[in-house]
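We have chain W already, so just place chain P on it with the hints.
Below are the chains, spelled out letter by letter.
Protein chains: 2
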Amino acid sequence: MQINTESRDVFYVSDGTAITCETLGHVLLGQFSFSANEKTFPFVESLDKVEDLVREIENSFTRTGEKPLVFFSIVLPDIRQVLVKSSAHCYDVLEDLVKKMQNDLQMEPQPKLQRSRSVKRDSDTYFDRIAAIEYTLAHDDGITLKGIEKADIVLLGVSRSGKTPTSLYMAMQFGLRVVNYPFIDDDIKAMRLLPEFEIHRHKLFGLTIDAQRLTEIRENRLSGSDYASDEQCRLELASVEALFRREAIPYINTSSLSVEEISTRILEKAGLKRRLV
Amino acid sequence: MQINTESRDVFYVSDGTAITCETLGHVLLGQFSFSANEKTFPFVESLDKVEDLVREIENSFTRTGEKPLVFFSIVLPDIRQVLVKSSAHCYDVLEDLVKKMQNDLQMEPQPKLQRSRSVKRDSDTYFDRIAAIEYTLAHDDGITLKGIEKADIVLLGVSRSGKTPTSLYMAMQFGLRVVNYPFIDDDIKAMRLLPEFEIHRHKLFGLTIDAQRLTEIRENRLSGSDYASDEQCRLELASVEALFRREAIPYINTSSLSVEEISTRILEKAGLKRRLV
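Protein sequences, first through last, are from chains W and P.
For the first sequence, the working numbering begins at 2 and goes up steadily by one.
For the second sequence, the working numbering begins at 2 and goes up steadily by one.
Isolated chain W, as found in the complex (with noise of 0.2 angstroms):
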């Protein structure tokens, strides 16, 4: 039995999807030192599968000699009870939180099989939806620009500077549509904006990149060649920077940001309303 108090196990268990748990466990987990093995135990809705979550619960106990971390969203009473006999230290994700509001709001609440947001049998929400990633997959990379009078935003920036996943992502999340259109060398020799985006001005909003970065990862698209040459990538920063300062296009860098991160900023910099909640 090696003990090793680098590394622990760590399983998110819930009966629905356990994003939540997911979600909410990378954050504590962030708040501490250690390094974690992560799996996720869905749709844990019966005994059977609760049983066999536990067997593997007292391995890795036995195996490390650490218990491991279990951070749950469970509502069937007998299944939950299973867990938390379990060789694990288990967090329940809600029942703090639960109890506060219920006492706070004088509320008995009723607890649900979780459901993730997305969720809602009202339909509008999920057409609204899959219409906003349809929409931005229609009007991705510069695609077409036709039909640009319906979208919430419109997202400039150098190939390479994090356009698609942020678009793709802002349609997924918040049900937004997104145009997408990359600078290319005509537009950065030229510096000028499109005359279609003349009308559209207050929905442009410029992404920009570290040159050093987007030297990174075009590299790790096109090795060696002069579209990820530093040179190139200086060039290209340079003057599309230049453009959105000029034409007063707000714009962040996202060098050291996640698509989330871009996103949110984005949303709140646009001022932006979300479609989706």
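Rather than coming from a laboratory, the hints here were simulated on the basis of the structure.
Just so you know, not all the hints are guaranteed correct.
It does not matter which identical chain is used: a pair holds within one copy or between any two.
[Claimed, not checked] Think about it this way: if two alpha-carbon atoms lie no more than 20 angstroms apart in a straight line, the pair counts; the simulated EDC-like pairs of lysine to aspartate or glutamate are:
no., residue 1, residue 2
1, LYS68, ASP142
2, LYS113, ASP125
3, LYS100, ASP231
4, LYS40, ASP227
5, LYS190, GLU232
6, LYS40, ASP129
7, LYS274, ASP53
Structure of chain P alone, referenced to chain W:
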């Protein structure tokens, strides 16, 4: 001052993206029966910002006669203090669990500004995620099957069965490379799998949906078309499901599931490992 007990103002507040507060808050609200007017305040990192927020809280309290609910996560003590003194029911989404972990693990937490899960300076994670998104975009809706050998999974289903949003979600959240292929008339008439799929049988996964739901979704796209007709939908679904069974291709019915749930169930049924944690 008009009192409204049916609906409450709810604020998600964080010095990060507030994704964790939103995710957890949505599930918590799901346990109670009132409806919520939700608003998110990300990146509350300055006294100015928290003071604006507190003004909004006090306005809500005066306007509705009910304390709004605040689900928050804030590291900076001065900012936190301003918030918790406001006329809101404030819920720190991390505090209780961090204390329990600290006690169980006998480790001191190091509070950090929240970073959403995919922010790891480790750039492999970044590249894996981007590569998965690009691969999946390039293989959406049967555009091409070139490179199918690199796919983690191949989704099959009739038009509008949920393939595209599911594929993109799996790429973005799990870092998986997804091919999705729509069954079109010829395949349906011929009731056959493309020969290209033969050596990748183990990667095939089917999506199906209730005929009534499919009609509803297709009506929303092409109202009154044969494509959307109940008869056409039934015909396509019957033959595709027969094909799935005959070829022993695992499949799920997406009718009452969110994109998150579909993706998580597929991951589970197909025994796929996430590429991103």
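query: Any of the earlier hints contradicted here, and which numbers?
result: Hints 1, 2, 3, 4 are the ones this structure does not satisfy, whereas the remaining hints hold.
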